[in-house]
Amino acid sequence: DAKTTQPPSMDCAEGRAANLPCNHSTISGNEYVYWYRQIHSQGPQYIIHGLKNNETNEMASLIITEDRKSSTLILPHATLRDTAVYYCIVSSNNAGNMLTFGGGTRLMVKP
Amino acid sequence: DAGVTQSPTHLIKTRGQQVTLRCSPKSGHDTVSWYQQALGQGPQFIFQYYEEEERQRGNFPDRFSGHQFPNYSSELNVNALLLGDSALYLCASSLDNQLWGYTFGSGTRLTVV
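Read top to bottom, the protein sequences are chains A and B.
Heads up, the working numbering is the position in the first sequence plus 53, with the first residue counted as 1.
Heads up, the working numbering is the position in the second sequence plus 77, with the first residue counted as 1.
These aren't lab readings, by the way, just hints derived from the structure by calculation.
What you are looking at is a predicted structure, and each value in this text was computed from that prediction instead of being measured.
Heads up, some of the hints might be wrong.
Reference excerpt, derived from the structure (chain A facing chain B, CB under 7 angstroms, subset only) [claimed, not checked]:
{"#": "1", "residue": "Y87"}
{"#": "2", "residue": "P97"}
{"#": "3", "residue": "H102"}
{"#": "4", "residue": "G103"}
{"#": "5", "residue": "T132"}
{"#": "6", "residue": "L133"}
{"#": "7", "residue": "S144"}
{"#": "8", "residue": "L152"}
{"#": "9", "residue": "F154"}
{"#": "10", "residue": "G157"}
Glycine residues also receive a C-beta, built at the ideal position from the N, C-alpha and C atoms.
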């Protein structure tokens with residue numbers, strides 16, 4: 054599986070958009086980009102995933118560059134409850150594959 | 078609909094002892110993966126069970142073993158505990174290998190003294 058690079062920490066003002074970048078320059082053609090987050094004292098939680106096209110759900114938007122070498126997770130209106138560690142993971146859906154977590158980005162949403 | 082249930086939530090063991098952690102997957106899920114998370118780090122993959130067989134294994138010694146039962150629940154066993162085994166142990170369930178559908182439990186906090 055390809056590796057990802059994320060900034061270790063970011064701050065965001067409450068109510069503003071949080072834009073979390075992820076570099077995955079060695080991503081393969083059949084590998085998806087997944088985002089999970091982990092709020093303190095809880096297990097990781099699925100946010101969104103995509104292959105090529107931009108994706109949006111009730112939690113966030115995922116913007117993937119045309120060359121697929123990087124992506125950005127966007128939380129449109131961050132709240133204090135969005136304070137968490139955000140993990141960007143790339144993997145194919147082959148049987149037996151698993152989520153491989155890196156260090157993630159610690160997002161602090163401030164009042 | 079209950080999510081993933083792990084037990085116990087916390088426990089303290091002595092070096093050299095053995096421990097068993099338990100996981101009940103989310104209803105409808107048939108695959109269970111176990112992760113170890115040391116303080117301040119991301120979860121590290123231990124192994125995955127599917128159809129009662131270990132399908133994948135991460136870089137963990139044989140002291141770590143597991144089992145999946147016909148009802149899809151799972152156990153993680155660690156023998157000859159070391160101080161370095163102190164961590165949060167997370168169980169995740171999914172439907173086969175849908176990586177977007179992993180549901181994690183809140184984990185078992187193991188402290189080895």
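Inset, instruction - Hint by hint, work out which the structure violates, then give me just those numbers in ascending order. - result: 4, 5, 6
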